[in-house]
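Trainee: Residues per chain are reported as follows:
There are 2 protein chains.
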Amino acid sequence: MANQRPKAIIFDIIETIFALETVRPELVRLGLQASDLETWFAFGLRDAFTLNATRAVKPFPEILKGALAQLLAKRELDPPVEDRERVFEAMRNMSAHDDAAEALAILRDANLPVYALSNGARASTQSLLDNAGLTHFFTDLLSVESIDQFKPSKPVYDHGVAATGQRAADVMLVATHAWDCHGAKMAGMQAAFVARGQVYPDVMVAPDLTGVELLDVAHSIVNLNAPAER
Amino acid sequence: MANQRPKAIIFDIIETIFALETVRPELVRLGLQASDLETWFAFGLRDAFTLNATRAVKPFPEILKGALAQLLAKRELDPPVEDRERVFEAMRNMSAHDDAAEALAILRDANLPVYALSNGARASTQSLLDNAGLTHFFTDLLSVESIDQFKPSKPVYDHGVAATGQRAADVMLVATHAWDCHGAKMAGMQAAFVARGQVYPDVMVAPDLTGVELLDVAHSIVNLNAPAER
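Protein chains in written order, with my numbering: chain A, 446 to 675; chain B, 446 to 675.
One thing to keep in mind: the hints can contain errors.
The list cannot tell twin chains apart, which means a pair is met if one copy fits it or any two copies do.
In silico DSS-like pairs for lysine-lysine, Cα to Cα no more than 30 Å straight-line [stated by the list, open to error]: (1) Lys503 / Lys452; (2) Lys452 / Lys519; (3) Lys519 / Lys503; (4) Lys452 / Lys599; (5) Lys503 / Lys599; (6) Lys599 / Lys519.
The set of hints was computed from the structure by calculation and includes no laboratory data.
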């Protein structure tokens, strides 16, 4: 069956809209390698998913702080707390990807309502979007805080879908993380993968769309056939 | 309340009993950095926990293959399949930590039954223990395969506890992974953390015991007060 155009779009935020690259030099300043950005974030997700699986969720920044402490110890580094804090300051000041505004404008011009759904806190998501001048593109910012679970758990996607007022099959998640696209697919949604050179693993449910950048994904979405009226 | 000596011990296998260090040079041969060992394994756990959360579990080696493909693409490397396979061959030939046999002997001499519970397959766990001459220390090898979930999900620990015939509170998990100790604690078990220089994150439930190496943990366990008879 050919894909049908979704009636609402839910965007992941960290890495999908905002680049973690501003954080990389701060990790190097702590003595870590540039390539440890991926290690740190993977440690953070591993631990977030652990807390999720045991229904013992903590705020994502606290989890990332613990992940940084684990990574620094693994690399036998022990920088002072104030130096570590610069990593999180850089994260609060992430820049949007160059094509984010144009991609969001394409969806707006196609009358597709757009929502944000991050594993981060609502307030920090709001702040990132405000600083980047992107808030006006979003119909609403949805928070995992009200669910007390993280993506890729189904209740989080269900919460996002409910906010759009659409059926899950008519809502598309856009993310640059395979694990997030997989979670959305398992929750009955459509999913678009922003690849940026990444490989999508075979063990996960494939996305409906893959684009190299946000702009490719936005173009692909509006080029899908409109859903049949019910 | 002082800790009481457990009546049975469940060991994690990969990294806890066997060192991943044999894999590190194989990653370097693929063009990755030595420090990418941690990145690769964290990618694998992140993806395993994703599949766990969505009840779409696949065998752990397949997940690790997907994690390696993602990491290689992230580092803009594309080695041939047969070169990648050497990583998994090295993993099948991991060596036990130097103090594993002595630690297991201490527990045996204290009449504490010992079980293995890995997120890996039963067959590969059996093969690792056989090659290392450690099988005779184990009362049984328990498998996540019969549960179709991974640690840190509670049903996996429940399965392990049931096999020991003891109450969860009288069974101790030994692992060098904070996420595994946390999972055991959340399932009502005791947990011992083999630190090996690692930091245990604040966001997780603390273990009952921490030792630098397996031998420290084994000594600490047998030095605990014996549980009261019921």
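Trainee: Look at each hint and say if it fits the structure.
Mentor: We went through each hint and held it up to the structure:
no., hint, verdict
1, Lys503 / Lys452, "neither (32 Å within a copy, 32 Å between copies)"
2, Lys452 / Lys519, "neither (46 Å within a copy, 32 Å between copies)"
3, Lys519 / Lys503, "both (23 Å within a copy, 29 Å between copies)"
4, Lys452 / Lys599, "within (20 Å within a copy, 38 Å between copies)"
5, Lys503 / Lys599, "both (18 Å within a copy, 18 Å between copies)"
6, Lys599 / Lys519, "between (33 Å within a copy, 28 Å between copies)"
Hints 1, 2, counting from the list given before, are not met by this structure.
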